[in-house]
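Using the sequences provided together with the hints, build the complete structure.
Per this note's numbering, the sequence shown runs over residues 133 to 313.
Please keep in mind that the hints were generated in silico from the structure rather than gathered at the bench.
Any given hint could turn out to be false.
Calculated lysine-lysine pairs in the DSS-like style (CA-CA distance at most 30 Å, straight line) [as the list claims (entries may be wrong)]: (1) Lys255 / Lys236; (2) Lys255 / Lys275; (3) Lys281 / Lys255; (4) Lys275 / Lys236; (5) Lys274 / Lys236; (6) Lys236 / Lys281; (7) Lys219 / Lys275.
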Amino acid sequence: MIDTAGLSTCFRVRRLNDADADGILFLCEGNPQYYLYCNSEPSMEQVLHDLRTAPPGVGADDKYFVGFFRGDELVAVMDLIDGYPGKGCCYIGFFMMNEAYQGKLIGSAIIDEVCAYLTRIGKRTIRLAFAEDNPQASHFWKKNGFIVKAVAPMDGWTALVAERDLPGPAIGLLKKLTDML
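Following this line, the structure appears as structure tokens:
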């Protein structure tokens, strides 16, 4: 079980629901590049689908579609699946930043905090997929320690499946520095 409050020390994090759909859609509409590479467009129907749908065999209790908030402002959304595809793993099904917060290392800080929390609760790996042709996504995920492990054909596009072992680069470095003191 994931304690959403533990996912960040910088932002208030909570599970999102249908009442948050307008805010999620607004955030998604500010990211047209993502949709360009996935051959889709942001829509209310897609937002509601993403809020409610989990991978096969995953119960609602293990799906955490969360928002990272600064005050009342939605900074980022993440669909985090606990125990998928295996017990020691979590899967990021979706991660998107508010356009106003992009390019400021905030997304990387969120990923580092999520990875640190998952390490503390005993997870060993975090997995995700991104569009092969999307240079922004490729740069972001590789910069954050994710290594491409597989290629998966999707509807009209190709996904790269990537993983990051936990503890990741920043956590491992912090531990080494701490051990040296």
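Right, here's what the structure says about each hint:
In summary, the hint linking Lys255 to Lys236 is supported, as the alpha carbons are separated by about 28 Å, within the 30 Å threshold. Proximity of Lys255 to Lys275 is assessed by CA-CA distance (about 21 Å); at most 30 Å being required, the pair is judged to hold. The suggested pairing of Lys281 with Lys255 holds, with an alpha-carbon distance near 18 Å, which does not exceed 30 Å. Under the criterion of a C-alpha separation no larger than 30 Å, the hint pairing Lys275 with Lys236 is consistent with the structure, at around 14 Å.
Taking the CA atoms of Lys274 and Lys236, the gap is near 17 Å; set against the 30 Å cutoff, the hint holds. Straight-line distance between C-alpha atoms of Lys236 and Lys281 comes to about 28 Å, which keeps the hinted pair within the 30 Å bound. A C-alpha spacing of about 26 Å is found between Lys219 and Lys275, which places the hinted pair at or below 30 Å, so the restraint holds.
Of the hints listed earlier, there is not a single one the structure fails to meet.
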